[in-house]
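Position chain H relative to chain E; hints supplied.
2 protein chains.
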Amino acid sequence: MPDRALSPDFRRATPEGDTHERDVCDHCGFIAYDNPRIVVGAVVTHAGRYLLGRRAIEPRSGLWTLPAGYLEQRETPEDGARREAREELCAEIVLDRLLAVYTIERLSQVQLIYRARFDGAFAAGSETLEAGLFAWDDIPWDAIAFPSVHWALHHARALDAGESGAPFSNPPGETGAMAR
Amino acid sequence: MPDRALSPDFRRATPEGDTHERDVCDHCGFIAYDNPRIVVGAVVTHAGRYLLGRRAIEPRSGLWTLPAGYLEQRETPEDGARREAREELCAEIVLDRLLAVYTIERLSQVQLIYRARFDGAFAAGSETLEAGLFAWDDIPWDAIAFPSVHWALHHARALDAGESGAPFSNPPGETGAMAR
Chain E
1 MPDRALSPDF
11 RRATPEGDTH
21 ERDVCDHCGF
31 IAYDNPRIVV
41 GAVVTHAGRY
51 LLGRRAIEPR
61 SGLWTLPAGY
71 LEQRETPEDG
81 ARREAREELC
91 AEIVLDRLLA
101 VYTIERLSQV
111 QLIYRARFDG
121 AFAAGSETLE
131 AGLFAWDDIP
141 WDAIAFPSVH
151 WALHHARALD
161 AGESGAPFSN
171 PPGETGAMAR
Chain H
1001 MPDRALSPDF
1011 RRATPEGDTH
1021 ERDVCDHCGF
1031 IAYDNPRIVV
1041 GAVVTHAGRY
1051 LLGRRAIEPR
1061 SGLWTLPAGY
1071 LEQRETPEDG
1081 ARREAREELC
1091 AEIVLDRLLA
1101 VYTIERLSQV
1111 QLIYRARFDG
1121 AFAAGSETLE
1131 AGLFAWDDIP
1141 WDAIAFPSVH
1151 WALHHARALD
1161 AGESGAPFSN
1171 PPGETGAMAR
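Residue numbers (the working numbering), protein chains in the order written: chain E, 1 to 180; chain H, 1001 to 1180.
Next comes chain E alone, as it looks inside the complex (with noise of 0.2 Å):
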């Protein structure tokens, strides 16, 4: 077991041939290079009406959000998207095309955003706590959860009414900072 008494001791130092500053544990040498994270997700309708579910976990709990989150291991962008959207909303969605790329800097997260479909079947799963399918003007627009839904809901608006430019990247001077 291990040493539970012991915890992780992360300083800033550039291993041998790298060319970047990494945290590398004081304890036992690991270095961790942190990389970029990938989050996948969708915009998923049924009959012109947007599924959205409102989060049981931080952060922005209480607050409505797309199904997205992280890809896992060995796990296909597609693959991971269909899986969120199975795990939240309890939706088996079919996709369309990439929607979106997204950069959010300050979490070094990269968003890779489906347009999808689905059969109109769903229900909140274990980290949602309510689920909706809303026409565009009743999308509770005011309790949204992070910048990056409201750029993927107006980006797929747009790719449907044959705006060209998909997959779209986050709109010009925002970087998904949450004060806005």
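Note that these hints are calculated values from the structure, not bench results.
It is possible that part of the hints are untrue.
[Claimed, not checked] Simulated DEER-style distance windows between Cβ atoms:
hint, chain 1, residue 1, chain 2, residue 2, range
1, H, His1154, E, Ile57, 14 to 24 Å
2, E, Arg12, H, Glu1163, 43 to 53 Å
3, E, Asp34, H, Ala1123, 42 to 52 Å
4, E, Gly62, H, Trp1141, 49 to 59 Å
5, H, Phe1134, E, Ile57, 49 to 59 Å
6, E, Glu163, H, Pro1015, 36 to 46 Å
7, E, Ala56, H, Pro1140, 52 to 62 Å
8, H, Arg1074, E, Ile57, 18 to 28 Å
9, E, His150, H, Pro1015, 30 to 40 Å
10, E, Ile57, H, Asp1160, 21 to 31 Å
11, E, Ala143, H, Phe1134, 51 to 61 Å
12, H, Ala1143, E, Thr175, 16 to 26 Å
Glycine residues also receive a C-beta, built at the ideal position from the N, C-alpha and C atoms.
Then chain H, alone, in the frame of chain E:
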């Protein structure tokens, strides 16, 4: 200073509240989330010729590849693709669009490959033995480093010929395994 006699000693365990097994260090309890890693790169052309570099580093040292590498923290994929072209081939590239999103399952790697142009000025960087600008038929097809380099070159040619569907994914049945 770290005790260099001690190395990380990972075992598989599911942390409390998590849904997947992770590597947990037996010395200090550090949880290595070991997420998929993001590779960014580009198919770069000038006047119809393709920019490639011969790798000076393992894996696949001596073989030809696109400018590509791991995305760094707080870096956008676009900036990362430009940085890799600058570091490996001393080329200032202009991105046209996202060409492909490939998944190399065995390596838990997601590759974001762009279509790009440049002004024709290049040189071998420190991780590159030799750089070259090749007409399609002169590409060293028998000495390409990775399957995904083949995929990206052919997808770029398809895109240039007007084929729809970009960003492309892995060719059907292809997982990126090196045995082929």
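Practice task
Confirm or reject the claim that H:Ala1143 and E:Thr175 have a C-beta distance inside 16 to 26 Å.
Solution key: violated, 41 Å
Practice task
Using the beta carbons of H:His1154 and E:Ile57, state whether their distance is inside 14 to 24 Å or not.
Solution key: violated, 43 Å
Problem - Range hint compliance [Cβ, E:Gly62 to H:Trp1141, 49 to 59 Å] - result: With a Cβ separation near 56 Å, E:Gly62 and H:Trp1141 satisfy 49 to 59 Å, so the hint holds.
Handout entry: Beta-carbon spacing of E:Ala56 to H:Pro1140 - inside the hinted bounds 52 to 62 Å or not
Key = holds, 54 Å
Practice task
Using the beta carbons of E:Ala143 and H:Phe1134, state whether their distance is inside 51 to 61 Å or not.
Solution key: Since E:Ala143 and H:Phe1134 have Cβ atoms about 54 Å apart, the given range 51 to 61 Å holds.
Exercise for the section: With respect to the beta-carbon atoms only, verify the hint that E:Ile57 and H:Asp1160 lie 21 to 31 Å apart. Expected result: 45 Å Cβ-Cβ, so the 21 to 31 Å window is violated.
Handout entry: CB-CB spacing for H:Glu1163 and E:Arg12 relative to the 43 to 53 Å hint
Key = holds, 46 Å
Handout entry: Status of the given 42 to 52 Å range, CB of H:Ala1123 versus CB of E:Asp34
Key = Roughly 31 Å apart at Cβ, these two residues miss the hinted range, so it is violated.
Exercise for the section: For the range 18 to 28 Å, tell me whether the beta carbons of H:Arg1074 and E:Ile57 fit it or not. Expected result: holds, 24 Å
Practice task
Take the C-beta atom of E:His150 and the C-beta atom of H:Pro1015, compute their distance, and say whether it sits inside 30 to 40 Å.
Solution key: The hinted range 30 to 40 Å holds for E:His150 and H:Pro1015, with Cβ atoms some 32 Å apart.
Handout entry: Range agreement (Cβ of E:Ile57 with Cβ of H:Phe1134, hint 49 to 59 Å)
Key = 51 Å Cβ-Cβ, so the 49 to 59 Å window holds.
Exercise for the section: May I ask you to test the hint 36 to 46 Å on the CB atoms belonging to E:Glu163 and H:Pro1015? Expected result: holds, 43 Å
Comparing the model with each numbered hint stated earlier shows that hints 1, 3, 10 and 12 do not hold.
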